[in-house]
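Asker: Mind docking chain B on chain A? Use the hints.
If you're matching them up, the sequences are chains A and B in order.
All you need for our numbering is the position in the first sequence, starting with 1, plus 158.
All you need for our numbering is the position in the second sequence, starting with 1, plus 1.
Hints are computed from structural coordinates only; laboratory data are not their basis.
Not everything, but these chain B residues come out facing chain A in the computed CB check (under 8 angstroms):
| id | residue |
| --- | --- |
| 1 | Gln146 |
| 2 | Ser149 |
| 3 | Gln159 |
| 4 | Phe163 |
| 5 | Gln168 |
Derived list of chain A stretches under chain B, where covered just means 3 residues or more per stretch with a C-beta under 8 angstroms from a C-beta of chain B:
| id | segment |
| --- | --- |
| 6 | 235 to 243 |
| 7 | 256 to 264 |
For each label pair, taking beta carbons as the anchor points, the in silico distance ranges come out as:
| id | chain 1 | residue 1 | chain 2 | residue 2 | range |
| --- | --- | --- | --- | --- | --- |
| 8 | B | Thr156 | A | Val187 | 28 to 36 angstroms |
| 9 | B | Arg162 | A | Val399 | 42 to 50 angstroms |
| 10 | A | Gly171 | B | Ala9 | 49 to 57 angstroms |
All C-beta atoms in this analysis are idealised placements derived from N, C-alpha and C, irrespective of residue type, glycine included.
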Amino acid sequence: MSIEIRGLTKHYGTTRAADGIDLVLGDSVQVLALIGPSGGGKSTLLRLVGGLERPEEGTIRIDGAEMPRDEESLRLWRRQNGFLFQSFNLFPHLTALENIILPLVEVHGWKRGEADARAREVVARFGMGAHLEKHPAQLSGGQQQRIALARAMAHEPALLLLDEPTSALDPEMKAEVLDLIEELCQAGQRIILSTHEMGFARGSADAVVFLGAGRVVESGSAAELFDHPRSAIVQAFLSKVMKW
Amino acid sequence: MWKNVLSAFISVVLLTTFAFVVWVVATHDYRWEAIAPYRNNLFSGWLVTLLVSVASLALSVFVGVLLTAGQLSGDPFSTFLCRIYVEVIRGTPLLTQILIGYYLIANAIDWHSSLGVGIVVLSCFSGAYLSEIFRGGIESIPRSQWLSARAIGLTGAQTYRFVVIPQAVRRVLPASAGQFANLVKDSSLLFVISVHEFTMQAREANANSYATFEAYLPLVLGYFLLTFPISFLSRHLERRYRYEH
Numbered sequence: 159m160s161i162e163i164r165g166l167t168k169h170y171g172t173t174r175a176a177d178g179i180d181l182v183l184g185d186s187v188q189v190l191a192l193i194g195p196s197g198g199g200k201s202t203l204l205r206l207v208g209g210l211e212r213p214e215e216g217t218i219r220i221d222g223a224e225m226p227r228d229e230e231s232l233r234l235w236r237r238q239n240g241f242l243f244q245s246f247n248l249f250p251h252l253t254a255l256e257n258i259i260l261p262l263v264e265v266h267g268w269k270r271g272e273a274d275a276r277a278r279e280v281v282a283r284f285g286m287g288a289h290l291e292k293h294p295a296q297l298s299g300g301q302q303q304r305i306a307l308a309r310a311m312a313h314e315p316a317l318l319l320l321d322e323p324t325s326a327l328d329p330e331m332k333a334e335v336l337d338l339i340e341e342l343c344q345a346g347q348r349i350i351l352s353t354h355e356m357g358f359a360r361g362s363a364d365a366v367v368f369l370g371a372g373r374v375v376e377s378g379s380a381a382e383l384f385d386h387p388r389s390a391i392v393q394a395f396l397s398k399v400m401k402w
Numbered sequence: 002m003w004k005n006v007l008s009a010f011i012s013v014v015l016l017t018t019f020a021f022v023v024w025v026v027a028t029h030d031y032r033w034e035a036i037a038p039y040r041n042n043l044f045s046g047w048l049v050t051l052l053v054s055v056a057s058l059a060l061s062v063f064v065g066v067l068l069t070a071g072q073l074s075g076d077p078f079s080t081f082l083c084r085i086y087v088e089v090i091r092g093t094p095l096l097t098q099i100l101i102g103y104y105l106i107a108n109a110i111d112w113h114s115s116l117g118v119g120i121v122v123l124s125c126f127s128g129a130y131l132s133e134i135f136r137g138g139i140e141s142i143p144r145s146q147w148l149s150a151r152a153i154g155l156t157g158a159q160t161y162r163f164v165v166i167p168q169a170v171r172r173v174l175p176a177s178a179g180q181f182a183n184l185v186k187d188s189s190l191l192f193v194i195s196v197h198e199f200t201m202q203a204r205e206a207n208a209n210s211y212a213t214f215e216a217y218l219p220l221v222l223g224y225f226l227l228t229f230p231i232s233f234l235s236r237h238l239e240r241r242y243r244y245e246h
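The following block holds chain B by itself, in its conformation from the complex:
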């Protein structure tokens, strides 16, 4: 009874809010012609964001795997170092990391590609979160599986390869997909080191045309086009690797 009332209430609130938002957004008096001259800039910004997202997604998985391996290696010193890294990265603002990474560290080694530095900093940032997700996934595999693997004579490496990782991958998919979507959106912070990505192009278009909504509304569609395939793919893979029928 109360469950039905509650779910009806939630549905009504969500539907009303949604309808209201759509109505407000749809009936606004837009000046699309004001933003039209900047459409190529917006599109090239979207392409930069796509590039940054794909590159740092791949690199962040690499960083995440390394950090996970370091923490599970059994060597206390490397475990300690990896933990410190993860805590520092997770405990400080990404904005600061980007600024320090570009103006202090990259500068010190004479590297001035804001795009390259941006991709590396984002990957180091996201990799720390991913390593926690990966570690959780591996540690969630029951002891009985390790024991069985040992009993049939698998080596440690074989146990990871054939028993632990295939099971852990499915368990970490949903959380990883969430982290990947965050990564795509976090890439907008790279404007502080003037990477000409999607959000920066929208800011510039707005500054020049004073057409705020016309400049920022495309961001909704543009980012969703990047994040939706990630969550779609994650769900698809989750179903495919389902074995608890």
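One chain only, chain A, in its complex shape:
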């Protein structure tokens, strides 16, 4: 996918969550990882790209299409994508199956039968077939994330946006979810994810962007950025997080 972001700015109160983000990536990028310190702007950038928030200034172009500004078109923009948050993605009053069916029927206009079949297919692929009728509270954190991921990609989104999808999970569950994401990468799904899993970013991403203080500090291929970081900030960050 080609991504072209110019002068993207977003404040939360007095915090500059995005402080003039510029980023241009060519067509060869299928999986993009956003790394950097917490509060550096990763989540904000994902939410802006996903159309969940509106920037104060700047433009976002994906595959040449500019992100619209009005709420109506923005909702169409959001529909094309799939979004996964750190946690609490699912609706607790619906079963796993209903959680996946709801957007297919109500947002994408599928017939109930088709949506049901599709939901079952995706869930089975994610190894969650036994848990279809359970409510989120009956599932472990990792299982909840897998169902949420199934919901985010059941409609075959053009772009999957994952905001620290494993940060709230313990190591074993992290691995379950990362395995799935890796599988989606292999299958050709276009993904932008923010993560603290450096091993995953390095192994699965075509391009890595380091964000700090609401700006792009450095970007490049995974190998470039991890093996030969140019900026002192990235060097310091990587030496810290890679130490253990």
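Answerer: What follows is chain B alone, placed relative to chain A:
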């Protein structure tokens, strides 16, 4: 240790009080024959109370939903108006509202059905309380749910319909049931505009027969028959919509 002593103490006090009350009430020398001629009046009063309760229950939910929508609409002026309404209704006596509603407002528009006016005033009164309960329920739904709904592409209306309201309904059930029970009992105040409801019939029976307890004791049973199904139904629905297993 102290917990056990405390709960034993509470149990003893409650049981003794209860036994005492039952004994006093049961051993009273009743003159049921004095009240017998009025039993049809009492029953028709109970039916009026049932009618008033059911009608104003439905109408008060409607009023409550409107006020909630007004307060959550995001329009500052309608929010302001709804808040003023809720504060005035909650801050003034129902008795006064009934009197003003009937003798001033309804009179001004030439509406003289005390039953109809009674139902409307009760609904306006109860609706103000319900709207606070509903608003609390909706605002208690975490931000993450709204964000998730937005992320999957639901519109604002769809978010309310499929995500927020189904979760809020369960949360507001217990408090709403309490408010409905209050509504049933508050309907007894409609005697001031001479609606011939249950309590008024008991007052008249007492005035004519001088059999005070025989006239008022049926109220205990009659009102309980109306309020108990509400609390029973609320508990049943609460269990049915339970999803935090």
